[in-house]
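Listed below are the residues making up each chain.
Protein chains: 2
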Amino acid sequence: MDILIKNVMLNNETKDIFIKDGKILEITENSTKKADKIINGENKAALPSFINGHTHAAMTLFRGYADDLPLKVWLEEKIWPLESKLTDEDVYWGTKLACLEMIKNGITVFNDMYWHWEATAKAVCEMGMRGFISGVFIDMLDEKKSEKEIEENIRLFEVSKKYAPYVIFALGPHAVYSVSKKSLEWIRDFSERHNILVHMHLLETREEKTFTEEKYGLSTVDFLNSIGILSERYIGCHGCWIDEHDSEILKKTGSKIVHMPVSNLKLAVGRIIPHFLFKNKGIKYCFGTDGCASNNHLDIIETIKFSSLIAKFFTHDPTMMPAKESFELATKTAAEIFFLPQWEIKEGNAPDIILIDLNRPELTPCFDIYSNIVYASNGYVVDTVISMGKVVMENRYVKGEEEILKEANLKAKAMVKR
Amino acid sequence: MDILIKNVMLNNETKDIFIKDGKILEITENSTKKADKIINGENKAALPSFINGHTHAAMTLFRGYADDLPLKVWLEEKIWPLESKLTDEDVYWGTKLACLEMIKNGITVFNDMYWHWEATAKAVCEMGMRGFISGVFIDMLDEKKSEKEIEENIRLFEVSKKYAPYVIFALGPHAVYSVSKKSLEWIRDFSERHNILVHMHLLETREEKTFTEEKYGLSTVDFLNSIGILSERYIGCHGCWIDEHDSEILKKTGSKIVHMPVSNLKLAVGRIIPHFLFKNKGIKYCFGTDGCASNNHLDIIETIKFSSLIAKFFTHDPTMMPAKESFELATKTAAEIFFLPQWEIKEGNAPDIILIDLNRPELTPCFDIYSNIVYASNGYVVDTVISMGKVVMENRYVKGEEEILKEANLKAKAMVKR
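Chains A and B, in that order, give the protein sequences. Numbered per this note's numbering, the first sequence spans residues -13 to 404. Numbered per this note's numbering, the second sequence spans residues -13 to 404.
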């Protein structure tokens, strides 16, 4: 499919952008190319799309169901009982709702970890997004469960091929306290053999730190390093309790981090990620929203603003994490983390693209597009979304959105009555 | 003017709301009242509008012009040189832009402090909002300037009467370090005699604390108390460095506080307001966005989310500042602070009203409307705004918005070229 975006703002200049099968073939003034689809880019800015580094997509169904509770009550009395009753249908519609919300917020790629793998995969495909989808690999340090999980992950890896290129299978070891050493070793080997990403919760809470110290006599990061699971394919999510020593090891092994300030603040995990530490060490990191049970809003622009402002505040330095740098973490750097093509809008590249509606009070005046997006707006300023060379949102409309809202509502209501 | 809102969600029930000249006369099912204006409330929720406790409205013109800079450079090289060149026309269009943005975010009342008082007042009137408008009372501890400011404030108080009921004159002593004791004493008397609010920056930075200790041998709050300026009419903005002792005095005098977490984080003022301290002491406080030079987005929902999440994080308690409590601080409590009528949607009350569009992915499902608004949305979920009994936004459209965007853009561009 060919797309021609006419007269759009790109790096402060008015340009036409010609895209063929997802690849940018021409950026010029007054393009003469013919295209199946022509988009009027007037009063809009073209930018690369956002990448959401960590989600539990189907948990949109839990949005607002259990907020403002102590962690133990939240998990044991609210979330877990509901999760145990979830069906494939629930996860399918919950994921579709998540995809719809993400598309509306300019996100085209996400990294998910949840139950009912195939239901998630089906939803992602139908929405035309790209999802790195991992099941939740949990064995609770039980050998039998470990074997079952290994079998299941081998099966899912095979199954995943039919969902390409929308779905990329990832391994999702839940966390050090819920996955045995043996399982982690298998994951290490399988990841290496098939070049698969490893998506894991890492040092969200202090308890995780204590756990490995007591069980393995090692810090969490030292333990993971001793197994050899840390590599360029390793994506650790949260990382709130990472210290200087940990960050040296993460840097050496090429491991990546996903930062989730909104979730961390809301659950009051006690420590916020040391942005300046990562920056100083040169560790690659990007942003995640987390799932809707802990950050109810799948809006990565909101997450960027939280992250940037917190970085300024905690370092007593208002120059920390300037707008363009923050924006690039969520786009260019995130693409590098997930081994996606070059994510800048340049001829020869194939990033997903969003068009921002500039004709809005909160984006007026426009001295600096990055500052306006990061500090003055949210995902709703996105007007058009192009994912893998196809228009998945135009004039803020996504095909089929009415049905998704209706079905997700029904599923959520039925779920809490079961 | 009569307005009838049909079939709207109000406290989880479908109701009709009949409003005459701003007052709610009937809340019922299937109202038979006739009205000049009928609004279809289906798939919408009715809520009281938001009140923005502290702004410098016209500074929308500076949005994105000078971010991510050290405080000194930001003020001395960027903001002050531009402010010195501002014209009445600039402030008029800048304020109109701010009003437009606030209406779009469900805000109908704000508390402003800025230069070019009449230009601001004119803009507020035309937009149909309510503004507590103070000039910037600054004498830099200079007696001649003090006299001039006093004269000017007496004049503005008289002038303000022609802008009623949209504009309510307020006294705006800038801060303890920029206003002399003599001026503060005059403000105290004038405020008492005419029952006028006193709108002042209070303990935003640590330097303010040091200033009064060195100059007057008293803590900032003790100094203000010694003058007798603290009262139920006193509204202190920021309050980041308030301690236990200060909060006792603020409580005793009935003083109010406006909390601005987004601005405080962005400027890295070093300390965030102790929410739990205010709560424990029973000090009335509400939220402010601050001006667009320090928080580029006039969205109070965003501010509430920041405040709530920060309160949870800093107290290590996820139950702190639950959604409904946060929402009420920005509506009901804020109305009390500004001596507005009862701000709940009940028969006999006269709050401004907003309708939220429920038919959106981020508000789906809707287990708890307050949780969805505070944690999962932003101001753009507001569909309709009723201010003082008149519809100022419907289907997200505000009359004249195209002209405001155009003129504000031109003014901002011309301003930086001067």
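Treat the hints as calculated values from the structure; they're not laboratory data. A couple of the hints might just be wrong.
If chains are identical, the list can't say which one is meant, so a pair holds when it fits in one copy or spans any two.
[As the list claims (entries may be wrong)] Heads up, simulated DSBU-like pairs for lysine-lysine below, C-alpha to C-alpha not over 30 Å straight-line:
hint, residue 1, residue 2
1, Lys134, Lys238
2, Lys267, Lys131
3, Lys270, Lys134
4, Lys265, Lys130
5, Lys270, Lys403
6, Lys147, Lys201
7, Lys385, Lys167
8, Lys130, Lys6
9, Lys399, Lys385
10, Lys310, Lys403
11, Lys64, Lys399
Cross-check of the supplied hints:
1. Lys134 to Lys238: Intra 33 Å, inter 65 Å, cutoff 30 Å: neither.
2. Lys267 to Lys131: For Lys267 and Lys131, neither the intra-copy (38 Å) nor the inter-copy (53 Å) Cα distance is at most 30 Å.
3. Lys270 to Lys134: Classified as neither; 33 Å inside a copy, 57 Å across copies.
4. Lys265 to Lys130: For Lys265 and Lys130, neither the intra-copy (41 Å) nor the inter-copy (51 Å) Cα distance is at most 30 Å.
5. Lys270 to Lys403: neither (43 Å within a copy, 39 Å between copies)
6. Lys147 to Lys201: For Lys147 and Lys201, neither the intra-copy (37 Å) nor the inter-copy (74 Å) Cα distance is at most 30 Å.
7. Lys385 to Lys167: neither (45 Å within a copy, 64 Å between copies)
8. Lys130 to Lys6: Result: close neither inside a copy nor across copies, 49 Å intra and 70 Å inter.
9. Lys399 to Lys385: within (24 Å within a copy, 39 Å between copies)
10. Lys310 to Lys403: Only across copies: Lys310 and Lys403 sit 24 Å apart there, 46 Å inside one copy, limit 30 Å.
11. Lys64 to Lys399: within (14 Å within a copy, 53 Å between copies)
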